[in-house]
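Whole structure, please, built from the sequences with the hints as guidance.
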Amino acid sequence: MKHVAKWALNIAALRGATYADVRIVAQRSRALTTKNGKVGSASDAESVGMSVRAIADGAWGFAASAELGRGAVEATAARAVEIARASARVKQEDVRLAPEKPAVAEWSTPYKVDPFTVSVEQNIELLLKIDAELRSVAGITLAEANLNFNREEQWFVSSEGADIHQTKLSTGAGYAAYAFAGNEIQKRSYPNSFGGQWQNKGYELIHELKLVENARRIGEEAVALHQADQCPEGKFDIILDSSQLGLQIHESVGHPIELDRVLGMEANFAGTSFLTIDKLRKLRYGSELVNVVADARQEHGPGLGTFGFDDEGVAAQCTPIITNGLFTGYLSSRETAHTIGENRSGGTLRAEGWNRLPMIRMTNISLLPGEKPLSLEQLIAATDHGILMQTNRSWSIDDKRYNFQFGCEIGWEINGGKRVGMVKNPSYSGITTEFWNSLDAICSRDEWTLWGTPNCGKGQPQQVMGTGHGAAPSRFRGIKVGSAFKS
Amino acid sequence: MLTKEQSGDIFDRIRKLSTADEVEVLFSGGRFALTRFANNTIHQNVAEENYVVSVRVAFGGRTARAFTNKFDDESLRQVVRSAESLARVQHSDDDLLPMPDARSTGGTGGAPVPTRDIPSRHFQRTADVTPELRAEGVSKIVGVAQKHKLTTAGVFSSAEALDGIFNSRGLSNWHTQTLAEVSITMLAGDSSGWQKANSPDVGNLDPLALAETAARKAIDSARPREIPAGKCTVILEPAAVLDIVGFMFWDYAGMAILDQRSFLTGRIGTRLFGDNITICDDVAHPLQTGSPFDGEGVQRQRVPLVENGIVKRVVYARATAERMKRSEYRDKVGPIEATGHGFALPNEMGEMPQNIVFAPVGDPQSVEQMIASTERGVLVTRLWYIREVEPFEKMLTGMTRDGTFLVENGRVQGGVRNLRFNESLIHMLSNVEAMSVPARSCGEESFDMVVPAMKVKEFNFTEVTKF
Numbered sequence: 001m002k003h004v005a006k007w008a009l010n011i012a013a014l015r016g017a018t019y020a021d022v023r024i025v026a027q028r029s030r031a032l033t034t035k036n037g038k039v040g041s042a043s044d045a046e047s048v049g050m051s052v053r054a055i056a057d058g059a060w061g062f063a064a065s066a067e068l069g070r071g072a073v074e075a076t077a078a079r080a081v082e083i084a085r086a087s088a089r090v091k092q093e094d095v096r097l098a099p100e101k102p103a104v105a106e107w108s109t110p111y112k113v114d115p116f117t118v119s120v121e122q123n124i125e126l127l128l129k130i131d132a133e134l135r136s137v138a139g140i141t142l143a144e145a146n147l148n149f150n151r152e153e154q155w156f157v158s159s160e161g162a163d164i165h166q167t168k169l170s171t172g173a174g175y176a177a178y179a180f181a182g183n184e185i186q187k188r189s190y191p192n193s194f195g196g197q198w199q200n201k202g203y204e205l206i207h208e209l210k211l212v213e214n215a216r217r218i219g220e221e222a223v224a225l226h227q228a229d230q231c232p233e234g235k236f237d238i239i240l241d242s243s244q245l246g247l248q249i250h251e252s253v254g255h256p257i258e259l260d261r262v263l264g265m266e267a268n269f270a271g272t273s274f275l276t277i278d279k280l281r282k283l284r285y286g287s288e289l290v291n292v293v294a295d296a297r298q299e300h301g302p303g304l305g306t307f308g309f310d311d312e313g314v315a316a317q318c319t320p321i322i323t324n325g326l327f328t329g330y331l332s333s334r335e336t337a338h339t340i341g342e343n344r345s346g347g348t349l350r351a352e353g354w355n356r357l358p359m360i361r362m363t364n365i366s367l368l369p370g371e372k373p374l375s376l377e378q379l380i381a382a383t384d385h386g387i388l389m390q391t392n393r394s395w396s397i398d399d400k401r402y403n404f405q406f407g408c409e410i411g412w413e414i415n416g417g418k419r420v421g422m423v424k425n426p427s428y429s430g431i432t433t434e435f436w437n438s439l440d441a442i443c444s445r446d447e448w449t450l451w452g453t454p455n456c457g458k459g460q461p462q463q464v465m466g467t468g469h470g471a472a473p474s475r476f477r478g479i480k481v482g483s484a485f486k487s
Numbered sequence: 001m002l003t004k005e006q007s008g009d010i011f012d013r014i015r016k017l018s019t020a021d022e023v024e025v026l027f028s029g030g031r032f033a034l035t036r037f038a039n040n041t042i043h044q045n046v047a048e049e050n051y052v053v054s055v056r057v058a059f060g061g062r063t064a065r066a067f068t069n070k071f072d073d074e075s076l077r078q079v080v081r082s083a084e085s086l087a088r089v090q091h092s093d094d095d096l097l098p099m100p101d102a103r104s105t106g107g108t109g110g111a112p113v114p115t116r117d118i119p120s121r122h123f124q125r126t127a128d129v130t131p132e133l134r135a136e137g138v139s140k141i142v143g144v145a146q147k148h149k150l151t152t153a154g155v156f157s158s159a160e161a162l163d164g165i166f167n168s169r170g171l172s173n174w175h176t177q178t179l180a181e182v183s184i185t186m187l188a189g190d191s192s193g194w195q196k197a198n199s200p201d202v203g204n205l206d207p208l209a210l211a212e213t214a215a216r217k218a219i220d221s222a223r224p225r226e227i228p229a230g231k232c233t234v235i236l237e238p239a240a241v242l243d244i245v246g247f248m249f250w251d252y253a254g255m256a257i258l259d260q261r262s263f264l265t266g267r268i269g270t271r272l273f274g275d276n277i278t279i280c281d282d283v284a285h286p287l288q289t290g291s292p293f294d295g296e297g298v299q300r301q302r303v304p305l306v307e308n309g310i311v312k313r314v315v316y317a318r319a320t321a322e323r324m325k326r327s328e329y330r331d332k333v334g335p336i337e338a339t340g341h342g343f344a345l346p347n348e349m350g351e352m353p354q355n356i357v358f359a360p361v362g363d364p365q366s367v368e369q370m371i372a373s374t375e376r377g378v379l380v381t382r383l384w385y386i387r388e389v390e391p392f393e394k395m396l397t398g399m400t401r402d403g404t405f406l407v408e409n410g411r412v413q414g415g416v417r418n419l420r421f422n423e424s425l426i427h428m429l430s431n432v433e434a435m436s437v438p439a440r441s442c443g444e445e446s447f448d449m450v451v452p453a454m455k456v457k458e459f460n461f462t463e464v465t466k467f
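For the record, the sequence lines run as chains A and B. For the first sequence, our numbering gives the first residue as 1, with consecutive numbering after it. For the second sequence, our numbering gives the first residue as 1, with consecutive numbering after it.
Keep in mind the hints are simulated off the structure, nothing from the lab. Any given hint could be a false lead.
[What the hints assert, rightly or not] Distance condition first, Cα-Cα at most 27 Å in a straight line; then the derived DSSO-like pairs of lysine-lysine:
{"id": "1", "chain 1": "B", "residue 1": "Lys466", "chain 2": "A", "residue 2": "Lys279"}
{"id": "2", "chain 1": "A", "residue 1": "Lys235", "chain 2": "A", "residue 2": "Lys480"}
{"id": "3", "chain 1": "B", "residue 1": "Lys332", "chain 2": "A", "residue 2": "Lys35"}
{"id": "4", "chain 1": "A", "residue 1": "Lys129", "chain 2": "A", "residue 2": "Lys6"}
{"id": "5", "chain 1": "B", "residue 1": "Lys147", "chain 2": "A", "residue 2": "Lys235"}
{"id": "6", "chain 1": "A", "residue 1": "Lys91", "chain 2": "B", "residue 2": "Lys231"}
{"id": "7", "chain 1": "A", "residue 1": "Lys2", "chain 2": "A", "residue 2": "Lys91"}
{"id": "8", "chain 1": "A", "residue 1": "Lys480", "chain 2": "A", "residue 2": "Lys424"}
{"id": "9", "chain 1": "A", "residue 1": "Lys38", "chain 2": "B", "residue 2": "Lys332"}
{"id": "10", "chain 1": "A", "residue 1": "Lys91", "chain 2": "B", "residue 2": "Lys149"}
[Stated by the list, open to error] Heads up, incomplete: computed chain A residues facing chain B, CB under 7 Å, no partners named:
{"id": "11", "residue": "Ser47"}
{"id": "12", "residue": "Ala64"}
{"id": "13", "residue": "Ala181"}
{"id": "14", "residue": "Ile185"}
Note that the structure is a prediction, hence the values are computed from the model and not measured. By construction, the Cβ of each residue, glycine as well, lies at the ideal position given by its N, Cα and C atoms.
Following this line, the structure appears as structure tokens:
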């Protein structure tokens, strides 16, 4: 593929580009779902193509094509430069790229079992077994299960000399049980809602998740929610399970630290951020216990934000985002690093595929676990009166990432250090910095999970990206609960 | 652009490669370009051309699909092999129907279904839009921002797209369309304004006028004051209406009723909304866009969904209609027939109406008239990050954004800090006091529709944010 990239780079240079990079990407995916005892969908997909990103006259251009013949590739490169020159008609200043030593490297996701080698029959059998377990519970009216496998192979070559071949593999699985009765629909999901758990690893993830083993419990909880009390309204101490906390991190830390948002580049769609640059190293984001990192390195774990190099050839890094409660870092790129006084990109630029422009995306934005041993059960035992909330059901946050409201599938009222009863329709709301400053306990490493969010939308045209979020169950004091259902 | 003739040749090659009982091939893709600006600068500017072929095969009651964007012999052989391998290991599904033929285009009774004429949605001047022309449009928008000492961000895009379907029973349908879109945010120190429009004909777009309106909203909402949350009258501009009502149309599907995940379960034929609410799905409406056939090639029919507040019907894919006829709901859901709203098979969602048109009321009022008749209320430009909180009462939460104003004594009194709502769609559509003439509108939370602005009483705001 390197020769294809060279064709494009040569044309871009001849047409006057001062910088160009080429990505050639081959994606393969498999999606299998079941619904109420039948296969819902079964599909395989492949997509192959290339794109050229070029700077000419101090502005960006980008063009993409599925054709990899020399004529098409050269025409695509010429188009990227032509578009860059059109961009230059409306600019305030030239694009500046932070220096990056060109990498020549090979990298691939470590895995034990290639999911594409596992037979479709075996996968369908697993899904139908889950489905049968869910629907063996009286009152379950709809059961859905899914398995997803993705492979992305990319060649990145730049006019500066970078030459990187990278292959990423991801696996996802999950299911949901619905119970409709009277005038109420209740739902429980496992291991997480909206597609389950996703990680950059092989089929071994499916074995680790114990999908079948948990199905009956999930079905029973969905039905039992109909008999549960409505979650009370008022101010409570709340404990969030690690999956819900993962999404809380995503929305109220991950998005506001995207430097392109901060600089106004997403103002028309995804929004801006309350984290203006003057707040760096000054804002008390959370309590002393809050330590958040943006870590794309393999040693952080097999998150959807784990890679060897980002999509402009910058090696994976770990950036401290919140350090003992103090706001300490943004997600940056080569173009934006200088705006926060950095001389190197944080390595977070990623694209959904060959035909999309890379942009700043969350890597693995993780809340580090508590240092002292603390299990979820011990945390509950140490809570006098509160609500434990599990598994996201709805999420919403304003376009500067201040005011949020989350709903969960299930809650448990805690009294005197014990779970005293299930509650339905739990929800909580707040203001980002007030919320993180109310954190007073984080469970330890053995309760910590690196969750995958496969459906993060951003950009125009919109791109969907997978992100990782490590979290352990944590407690927040005096949180507003139940205003969503206040009549 | 890939042509129907070229696609027909590809279909013939695929058909020869397949050993399946039936073969269906969908074509999609086209040329797309988007110029994105922020901080009064074009900062992203992209163009792509891509075509995808997806092959569905069926062996008896077993079916599966595979996709590729490569059309060489080996890639086509591989995509057929993938689809066949996936299909062969399925369990037989009694609900899977034979593919529709050219005569019926999906009419389940076998009677010919007439093809509906739709206006041409392909405009050469949209297909011919260049990066320079988009830059010129952006330059005008930036000029408006600079004139008002504002900062602007947004997009100007143009696209030429195709949808095609061929199957081994002789069915073939083809649709091409263009679309141009302009979206503009104007930012002031502590306020913002927004406007968005799209059309198959770029000549229908006026970036300058949109920029001036967005700028006016940013200026007029400066120094926003905080008002307490609570129930109050709102005036929702069309973009805000479509963003919120869009969350209910997944439920207007036969499959959603069969799955018992629709808020219409047990409610079809009942008065659920105010008697001033009448909604249909109509791909042929002159302000609508999109393909006139569904994922199996069935012609999209005009379907009355709500009449005078009473839920009349839902839409059906072919197989869903047959299942519904055998179900316990068959006497409670109104007419049951394939309406041409199915997704490409196989899928687990069935179908959905996607060409929503609200009927005009006899006494339409402009937004200005709604403001003039309001003693105290909130004027909303757009809504943001809407999510479903409770599925059966269709309670939704979300935020106002980019131009939220206090209305008092019949006049706009300035901007207010953005508010969070938790509101049931059933409640909201039962409390509509006035509507404007429906217009083609687009937002970010839902698909484009023909909707009016609405004045709604007792809209439930629950919290206020910091800006």
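Hints that the structure is at odds with (numbers, increasing): Hint check: 4, 5, 6, 7, 13 fail, others pass.
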